[in-house]
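Colleague: Working from the sequences, and respecting the hints, build out all of it.
Going down the list, the sequences are from chains A and B. Heads up, the first sequence is in our numbering, so the first residue is 8 and it goes up one at a time. Heads up, the second sequence is in our numbering, so the first residue is 778 and it goes up one at a time.
It is worth saying that the hints were derived from the structure and are not from the lab. Being a predicted model, the structure only gives us computed values, none of them experimental. You can take every hint at face value.
Here's a subset of chain B near chain A, in silico, CB distances under 7 angstroms, partners left out:
no., residue
1, T903
2, F905
3, D909
4, E996
5, G997
6, H1000
7, V1001
8, R1003
9, F1004
10, P1007
11, E1008
12, G1010
We put the beta carbon where it would ideally sit given N, CA and C, even for glycine.
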Amino acid sequence: MVEIALPAAPVREIFDRITEALDAVPDEPLVLRFLSPSEFTRDHLAVYLQAEAGLRPWCDLARRLEAREGGAIAWVEQDLTGLWFELALACRRRLLANPKARFSFPAMQFGLLPALGSGQRLARLLPLPDAIAVLLHGKPLDAESAAERGFAQIVDRDEPVSPFTQVTRQPWDQPPGSGSTVSYAEQGQVLNAAFLEVRGRMPPAEAAPTAFLRSLHDGLERTFEPAVKLEQAEFFRTRLTPSTQNRLRLFATATAKARSQMNVAPTATPPAIGVIGAGLMGTGIAYTAARAGCEVFLADQNPDALTRSFQRISKLAHTPDQATPDLIGRIHGAPDLRPLAAADIIIEAVFERFEVKAEVLREAGRFLRPGAILASNTTTLPISRLAELTHEPSQFLGTHFFAPVDRMNLLEIIRGERTSDGAVDRALQLAFYLGKTPVIVSDGPGFFTSRVVMAYVQEAFFLLEEGAHPSLIDNTALNAGMIIGPLAMADLTSLDLLRDIYLSLGRERRGAARDAPRTVALLDRMIGLGRTGKKSGAGIYDYGPRGERRSWPKLREVFPAGPGGITPDIISQRLLVIQSVEAMHALNEGILADPDLGDLAAVLGWSYPPCLGGPFGYVNLVGREVFAATCQALTAKCGERFRSPY
Amino acid sequence: MRTPRARGKPNGGLHLCTPLQLVTVLLETLARKHPALPAIVDEVILGCCEQFNDQGGNLARSAVLQAAFPEHVPGLMVSRFCGSGLDAVNAAAAKVMAGQLDLAIAGGVEMLSLVSIFGSGGPMVTDFAFRDQTAQIPQGLAADLIATRQGYSRTDVDALAATSQQRACHAWKEGWFESSVVPVVTPTGILAKDEIVRENVTVESLAGLPPAFARAGDEGYRHVLRFRYPEVGAINYVHHAGNSSGIADGAAVVLIGSRQAGEQLGLQPRARIIATASAADDPCIMLTAPAAAAEKALRRVKLTFDDVDLYEVNEAFASVVLYFLEKTGVPLDRTNVAGGAIAMGHPVGATGAILVGTLLDEMQRRQVAHGVVTMCTGLGMGVATVLRRV
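Modeller: Laid out in structure tokens, this is it:
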């Protein structure tokens, strides 16, 4: 029995080490000792993305390990992911020397299938739903579940692998040779359920999930080696699809470009955070900061609001693997702003109205200790005007967290005219400390995200006014990959709030907001009828007692059906093109520095479909010339808002 | 000639039989009535939707052998989902018309108590790329989609279902089916009547039944149909066990031949098949093609919908019939006059041949000239047959 230790080393080196051993001792049983942790994106992703000629030897290595006389055993001391996960599946046994070790393969989020045949192996080693959970949903398989399912064995770390350990061939390499453990019909039901789940959250334009489920189905009705060939062909095909290419580009932006916005090193010590206002956003920010290990001072003059906020935080914190008391202990409620003097950064998150915020900022400035920064959390209010009301405008900026704060990973950081570089760096440090992806934007109506979202929602309103049915508009957006339709989102935001936003956006007459008066007039008609959105049970849609959305039968009296001819293709084109044009305006006006960061903000901030790449990526997807021609045609037909600034 | 239709469940009256036995019973009965028939029949053509397991391996030829017909009689199977039995009839008729066949027994069989619908799989079940391309949803949901798009209310579909039940009840009471239903001896008794027919069904009594396909919608199929029908908001789930065709077991055959073959056997022809057609529409909404198929068949013989005295439009779901009536202007009092699959059950591959028999009996009873059978099938197709009484 020959043992190969696999320490932390570049994957290429480990590949060579295993290959050498295979050549040196062709007949000896082999033990691969996976000793050090690895990270999929840091250590393995590049291998999966290299040219086919470079990746093929890895594909062959897995099968070579598996099919050789005596096979191989995986000795697992650390979490296994990526290539190591795939090689461990090609081993005939997996011995877990660490009862906390987990198996994971998080490639699907980048639109990638396994490359070494792991779909076919896992579907033959685990119950099919578990294999799907690991490979399609990226859910790690923990040691206990792995042992329960006979997928791995938990062993004593100090016990050497017995040379007499039985290594029978993989089930699929034993006669009769197919090895699918479930019936065709049962398998069909599981795959069908997985397919329907995928279709509920993403469109067919996302190539990888469908390719994966198909290769499972097609592979499981074939013998192992042809099945792996098929899966690998799908891997290589899928890798080149626009959806996967876009996901990879977005990921590269999130790791490299987002970080390169910062001029200082990330901080290792948690900053102390002051939060003013214990509403929805304040509570979310406080919870997220405490979860990351920050001390949080949460101020609200209304004791009831504070009580409710703490209740919500306990609820959020109540997950089995979190030290709840510690987390809550880090949040200090206060009826006034005095304790905020201890904070490195104070974020006001009070009601979204200029006068209210102005008042709070003036007051907060009194408690801002030297060197600390002050931030307004806002979706649209002008940061430079708010800055004038603060004691130290260079230390002031805007933050735009997205609800729910604990789950939405974007932080839009708004730099006012007088905000210092140092203050921006501090905000960036905070973002990374909280696990958020920051995108720095300049001040301007709606900054970047709200501005593009409002152009998009406005376009949906115009389509409605022109006679398209709300279901058609919203479903068309869903079909393009949005997670909620624009009109349903408008109802959720509430139409009176939207009216205020469009009034404010319209003042500076930039981009699509030049048409804001038409939007405001349209919203006024709805509000005049008492239809303010979901909160009142009546907006574009009607809402039942449990919030269930229904068509509003009288909608056609307000917005009569048009002459027809507004097809789904036209709708999706208008909804997507207007976002791209508006994003280009933001870039052109210097609101945004880098189109890739704009795409990332779109995907993280308002769930723009990753398969389309983002508002800028969309232009490349359809082709620049086609896009320009489309803008021209739409400008002629619908108005100036479709005129591209480039 | 047909077997009774039994519940297609383990407690159904034919469950202990085999599909082969059901066809064999009918072939044996034909042979008893016409002893000269087995020696001169050219072909047995059967429709069956799910041709696998006990329904696989060419049941037509198998039944020929089991019924002890002469060894020289071959058998042919056809499949077009629910339309299979009617297509078997059409295939036989077309061969006779083309002079390539003199006498055939055409029909169909299905035992849904043994095989499930879609049990034989296919790309529409297992190929996810094909399913995306064609937006495949379960038939019941497609029926609800028709109702939603056309604005048929729960009362509309229940009224049609109640009519079907009342008509079937009446027809059985009056003995309208007696000449064509062959009692089947099963291992535990004899089944002589359709099992599913209920008495005293009304719109009111149906009103309490829970919708059957909301679950399919919630499982995710409403997202799938959204890609094909984005204008549809909430689906109006109106179909349920009482206004959808009953899951059933059964078999049926029709004797089809040339004038000469009939004369040779000393048989009086009942009707002539003057036209057949198939058509297709969107595979997602799936159940809308019968009107197009019927129109196409009628056009071949220069008839209009008004010229036809009686229609059998397979009651796969109530909305399918309502949609056919709406599209064609055909009145309900000329359609499914002896009830249909909602009342008596839908043994998928057998139903087409059953409907031909029912139509023939009714045309004869009412002494009318023209009748049409039409059916919807999987993947959006429709089949039709035009009969003229002679």
